[in-house]
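**Q** Each protein sequence line maps, in turn, to chains A and B. Position one of the first sequence corresponds to residue 912 (our numbering), numbered consecutively onward. Position one of the second sequence corresponds to residue 575 (our numbering), numbered consecutively onward.
Mixed in with the good hints, there may be bad ones.
Simulated crosslink set (BS3-like; lysine-lysine; CA at most 25 angstroms straight-line) [what the hints assert, rightly or not]:
1) A/990 with B/959
2) A/936 with A/1260
3) B/821 with B/668
4) A/1260 with A/1276
5) B/977 with A/990
6) A/1090 with B/1049
7) B/805 with A/1178
8) A/1264 with A/1290
9) B/805 with B/577
10) B/1039 with A/1090
11) B/668 with A/1066
12) B/577 with A/1178
13) A/1066 with B/937
14) B/1049 with A/1092
15) A/1178 with B/977
What the hints contain is simulated information worked out from the structure, not anything from laboratory work.
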Amino acid sequence: MERFDVVIIGGGPAGMAAALGAREKGASVAILERDDRLGGILNQCIHNGFGLHYFGEELTGPEYAKRFRDQVTKDDGIKVYLEAMVLSLTEDRLVRAISPTAGLIEIEAGSIVLAMGCRERSAGAIALAGTRPAGIYTAGMAQRLSNIDGYLVGKEVVILGSGDIGLIMARRMTSEGAKVKLVAEIMPFSSGLKRNIVQCLNDYDIPLRYSTTVTRVEGENRLTGVYVAPVDERMNPDLSREEYIPCDTLLLSVGLIPENDLLNGSKVEMSRITNGAVVDEYRQTSVPGIFSAGNVLHVHDLVDNVSEEAFVAGRSAAGFARGELSGGDTVNVLPSQGVRYALPQRIHKGEGKVKIYFRVDRVYKGRTVLVTSNDEVVKRKKTLVMAPGEMQNIEIDKSLIKGDISIITEE
Amino acid sequence: MKKYDVIVIGGGVVGTAILRSLAAYNAKVLLLEKSSDVATGASRANSGIVHAGYDAETGTKKAYFNVKGAAMYPALTRELRVPYRMVGSLVAAKEGGLPAIKALYERGVANGVKVEIIERARIEALEPNISPEIRYALYAPEAGVVSPYKLTIAQADHAVQNGAEIRLEEKVVSIKKTEDGYLVVTEKAQYVASYLINAAGAGAVEINALLGESTPEMKHAVGDYYILDSKAAGVVNTVVFPLPDEKGKGILVAPTADGNVILGPTSRVVPHDEAEVNAVTREGLALVREGVGKLIPKVDLRSVIRVYAGTRTAVGGDFIIEESCKFKNYFMLLGICSPGLTSAPAIGEYVAAEAAKSLALTKKEKMLPLPDRFHLTKATDDEIKDKVASDPAFGRIVCRCEKVTEGEILAAIHSPLPAHTVDAVKRRVRAGMGRCQGGFCRPRVMEILSRELNIPLSEVRLGEKGSEIAPYEVKDGYGKI
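The whole structure should be built from the sequences, with the hints applied where relevant.
**A** See the structure below:
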């Protein structure tokens, strides 16, 4: 049985930043990464746009990952297990993993940072009607096949959902000579970044149809076409307006789900909205010593925010392992009036500043964001446009917190 | 031209059961399958229920083979290491449904099935989440659930292990009666058999037609299904049916042998040329949701991981399992719909014995057992340590949802009946059957298949010919923008 102050599950952007955060506090660190290299999904994101906030420059995914990987691998205080899949973890922080080289790995952890990332919602999860031919992929799977393996999945493409990976893949496949015929989005707005809609669709004249869904797919061995139809406010398709689009490929970009399977059956309190753990401003879950950061906590749209969040989690996890993490009373952070969720969900009373991240439930123009505590306004911020696809944040002074915090938007 | 004692046409659960039983005789036997794997038709997409045997009318072939087959399941699945659980079944009825339950009870007793009528308190003890409207149930404690495709594959593997041959992707295109047997021509080769067995499922009518044998009218009914995440397991403990109606046994809620939850099927009659299309419909899924709501309203459809459709083929009310009157040593299995899966092992023994009688075949002294396979999720820590030390591939997890290792995938690719497509791997080891549905592992499985089969990744298929997953090479990269 090995022992480390901080054990980090996942070696993507969150895991690597958490490791560096923990090292800043002098903790001994282990990273358990299931792939054969660090970097996570960044390794297949060969487009640029990463790091604008964190590094102040535009990097590709692999470049962004490399900046962290270089720091991680040259630090002797971080032990990296590659191809290591965690099989179980306990509330007293025993981690059991498996890898081809180390066999069964058993580690006693002073604290744990969950950094497993997220997975894509599948065709099954949206109960896609029709046949089951080849030609239907999640956008990320198609991205991996083209950018890691070097193979293109098809030539005539319809994309369901306007999540960022779908938008990126619309451009990627176009650049490979494929024809992207339509991006259909069931919601009246996109969950993707505005800049991706402009740079990946508009610049290539790829049509994006809102309030539209794929009603069924056709094809025996290979997809031959899909049917699309507009939906009403309750997302029921109007089948009388069904339209057939011949295509050999359907990419799905219909949502990301934090991959918290390791927590099934555990005592960690989960949020039904984020599908991640409920955390405080240290990113500590309801089980002491278990922290969570990155897309496993809530789905981010910018890796820069992931790094920042994970750095906090790593530093705090090191503090916990060394008995230096302060506790005390907490208040709840309650979203309402246009705010779908806010994170952290709990904040300790005390000194210093804390940044609250939140997402709105639809597109709002010219709204003011208010943070109140015991019905007193502690922060006010005017915004031009807020969209569900773009995570917002607002910083407050902890000393102003008297009781539970509400975060709301106002005309 | 290769000569065989017996040729079986069709690699479903019935065809492979017959093949496996034939492999127990000193005989040269061959199975021809038009698809890329066994278990690609009705044997793949069905409810996976081992029926107790109260449904079928007493005295029918359905009743006979159902009861006999169900009794074979515990030992058979142990021998072939196929997931099977004797979870019991309930036919659930509301107030006023007692006469119908009693009729089923009587039939169960007449068929020699262990059944009892239970009321609300005992129903609730078995199924705490059952609808409050349910008052009575027929309880059959010996009903079970099985993985139908794993059984089909294991029967095929076991047959091959014992000298039988299987040719995949060989559609039969012509059959001629010869003086002492049959000349069977496929897209690829010609074979001669003394005894010919038509177990082609929905395609049995075409096989009969090739020979000039007539087939009674076939009726094909498509059913839609939902599969729920293993996280939802526990919402139901037994196989819960509604009262049967003229369309069949109705929409059930059940645990699967592999630990998921299954909901369905509907019953939508389709013409013969659509019998193998298997398209899920929105209307069908809505009917399933409605049916499930009447039995176990607590089922949470947010945990759906897969929807699919399967077709069952019937000819009249009973199975047709008989030698042709017109063609000696030509045996037909027609309309093996429910309870076909349950009956298959018993049908296999019976048909093999018929062929053996005609050809005067002798039995082998014993059959070689299927070798034990390592499965990470079923191994102890000590077993895992030993296995990974001897072969690191068993420590490399490829499918993270179902915890399937590369070693297990390699074993499937190199099994007696080799898996050479992504779906074939999935059916054998569950890589891609979890909650992410292959989102992460499919490219990895493709890479392994490409390496092991020595083909480019662009030629790796999901299933049949024409189902290549990533058929084109990336050429120009971003240079083209």
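**Q** Looking at the structure, which of the earlier hints fail to hold?
**A** The structure conflicts with hints 4, 9, 11, 12 and 13, although it agrees with all the remaining ones.
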